[in-house]
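K.L.:
Residue numbers (our numbering), protein chains in the order written: chain Z, 1 to 232; chain R, 1 to 223.
Calculated from the structure, these hints are not laboratory results.
Here the structure is a predicted model, which is why all the values come from computation and not from measurement.
One thing to keep in mind: the hints can contain errors.
[Stated by the list, open to error] Derived SDA-like pairs (lysine to any residue); straight-line CA-CA distance at most 25 Å:
id : chain 1 : residue 1 : chain 2 : residue 2
1  : Z       : Lys7      : R       : Lys36
2  : Z       : Lys55     : R       : Glu151
3  : R       : Lys7      : Z       : Leu70
4  : Z       : Lys7      : Z       : Thr134
5  : Z       : Lys111    : R       : Ala70
6  : R       : Lys194    : R       : Ala70
7  : Z       : Lys2      : Z       : Asn221
8  : Z       : Lys171    : R       : Met23
9  : Z       : Lys7      : R       : Ser126
10 : R       : Lys7      : Z       : Arg142
11 : Z       : Lys7      : R       : Glu71
12 : R       : Lys36     : R       : Asp149
13 : R       : Lys160    : R       : Met23
14 : Z       : Lys7      : R       : Lys160
15 : Z       : Lys171    : Z       : Pro53
16 : R       : Lys112    : R       : Asp122
17 : R       : Lys150    : Z       : Leu96
18 : Z       : Lys7      : R       : Pro195
19 : Z       : Lys171    : R       : Lys36
20 : R       : Lys7      : Z       : Ser8
21 : Z       : Lys111    : Z       : Val198
22 : R       : Lys194    : Z       : Ser18
23 : R       : Lys150    : Z       : Thr167
24 : Z       : Lys55     : R       : Lys150
25 : Z       : Lys111    : R       : Ser18
[Unchecked claim] If you only want the chain R side, here are some residues facing chain Z, beta carbon under 8 Å, derived:
id : residue
26 : Asn13
27 : Pro74
28 : Ala75
29 : Thr78
30 : His119
31 : Ser127
32 : Pro157
33 : Tyr169
The beta carbon of each residue, even a glycine, is placed where N, CA and C say it ideally should be.
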Amino acid sequence: MKLIELKSMHPDNEFAPSWNIPIHLSTWGDTEKINNIKNFLIDKESKVIQQFPTKQGSGTYGDGRTGLGLDSVTSKSGMYTIFDFNKELSDFNDLLDFMRISYLNFLSEYKTGVRDSHIVCWFNVIRSEQSIDTHFHGTEHRCYLSGNMHLDNYPTTTNYYIPYDHTLIHKFPNTAGGLTMFPTYMPHGVDTYTGEDVRVSVAFDLHTQIPQELVSIPFINDEIFNRLTSSS
Amino acid sequence: MKLISIKSMHPTNEFAPSWNIPMHLSQWEDYQSIDKIKNFLISKEPVLIGEAPKLLLSRPTGRDSVFEYAEELPAIDTLLTFLRVSYIYFIHNTHCELRDSWITSWYNIGHKGQSISEHLHDAGASSHISANMHLDNYKTTTDYIIPFDKENISPFPNQKGNLIMFPSYLPHRVNEHTEDNLRVSLAFDITLEKPNQHTSIKFMDDDILSSLDVVRPNIQERE
């Protein structure tokens, strides 16, 4: 577990920008379950694409500004949650608890309080020569934290951009089980994927209020918090 | 003169973005001088950029800055005084300290069908204030873009003599110029240290301040 703070230099004057953006890195070490989830999601891709409708009237934003297109599984984000797949594969429950523990560690290291929250979680599948355009998940005053996890070691990096200066780029390699959590407003993208296999990642947004138009489940509340902290 | 603050809504948690970006609007009403400067700069463009009349941005590399042309056109000195006074009001209205500074200046000529892509002037720790002024009434707007939210755009009409000052990190762009005339604007970067890579002139110091007919509380404190 590692907290990284992307900091500006101290501003020389009142009109210069400054930033201090926390990013939290952790790794889920259960490679067997990661592999199970990866294979499960690869099988699920076409079913999810067929099951949910194409977003109407949302133009290129229907794919979350990723550039993956309205026929991608990414464009179905918010219409389902991967944690509903736990009925078919219980490993999703362990993934969810790993994310929760990582979140608690993030907030503890960042010295801020835990908030009741809900999670919207989806998965992305990209193939050779595809990339993910620079995008952000939200910038409104209620936006909170987002994250992603990669389900194998891939020859790509996820590139995070300082909002004030997109020439300042922080690249994090995409490794199996690597979980990155960051403020939802943080722009990020992925370089062109050159691997032979499909590249599978899980992405999520945490909301401090139930998102009305998106499918979500409770991420942290008193009951979940007590269960996680009493068992650890 | 008008101070505008582009503010985010108050964040509901410690990870949500927030911003409060000051911008300062002022109007130079010496339209005769504005016309002289516009025509003068249009006449200079072919000299500066050779035979490339469609070039959008012309940075006057032949001179130290636009203000060096004051020898040929005294109206440019009057413009510089207006800029200095506007800057003093901006600094005062944002409750900041007036400091010695330098100014880099250039001008842009846009032809029909041209636009200016989104860009920013400087987002470094030493970045300070930038500005622009349009030398006629144009149908274009300069759109200022919130760094955190590229869809959050504040358009300002490009009107004759209108000076807009803003933090140098603020991204901005200009939409397509659809008129047959040339679109002429001035642009400035004000810095607290003399820039190494760009030519500049002194913009503010004690001597300049005392020469200006401006009395504001922060200036009195400085004295």
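K.L.:
So, for every hint listed, does it hold in this structure?
P.N.:
Verification of the hints:
no.	hint	in the structure
1	Z:Lys7 / R:Lys36	violated (47 Å)
2	Z:Lys55 / R:Glu151	holds (20 Å)
3	R:Lys7 / Z:Leu70	violated (34 Å)
4	Z:Lys7 / Z:Thr134	holds (20 Å)
5	Z:Lys111 / R:Ala70	violated (57 Å)
6	R:Lys194 / R:Ala70	holds (20 Å)
7	Z:Lys2 / Z:Asn221	holds (24 Å)
8	Z:Lys171 / R:Met23	violated (33 Å)
9	Z:Lys7 / R:Ser126	holds (15 Å)
10	R:Lys7 / Z:Arg142	holds (15 Å)
11	Z:Lys7 / R:Glu71	violated (45 Å)
12	R:Lys36 / R:Asp149	violated (39 Å)
13	R:Lys160 / R:Met23	holds (18 Å)
14	Z:Lys7 / R:Lys160	violated (40 Å)
15	Z:Lys171 / Z:Pro53	violated (34 Å)
16	R:Lys112 / R:Asp122	violated (28 Å)
17	R:Lys150 / Z:Leu96	violated (32 Å)
18	Z:Lys7 / R:Pro195	holds (24 Å)
19	Z:Lys171 / R:Lys36	violated (51 Å)
20	R:Lys7 / Z:Ser8	holds (21 Å)
21	Z:Lys111 / Z:Val198	violated (38 Å)
22	R:Lys194 / Z:Ser18	holds (22 Å)
23	R:Lys150 / Z:Thr167	holds (16 Å)
24	Z:Lys55 / R:Lys150	holds (22 Å)
25	Z:Lys111 / R:Ser18	holds (20 Å)
26	Asn13	holds (5 Å)
27	Pro74	violated (31 Å)
28	Ala75	violated (28 Å)
29	Thr78	violated (26 Å)
30	His119	violated (11 Å)
31	Ser127	holds (5 Å)
32	Pro157	violated (24 Å)
33	Tyr169	holds (4 Å)
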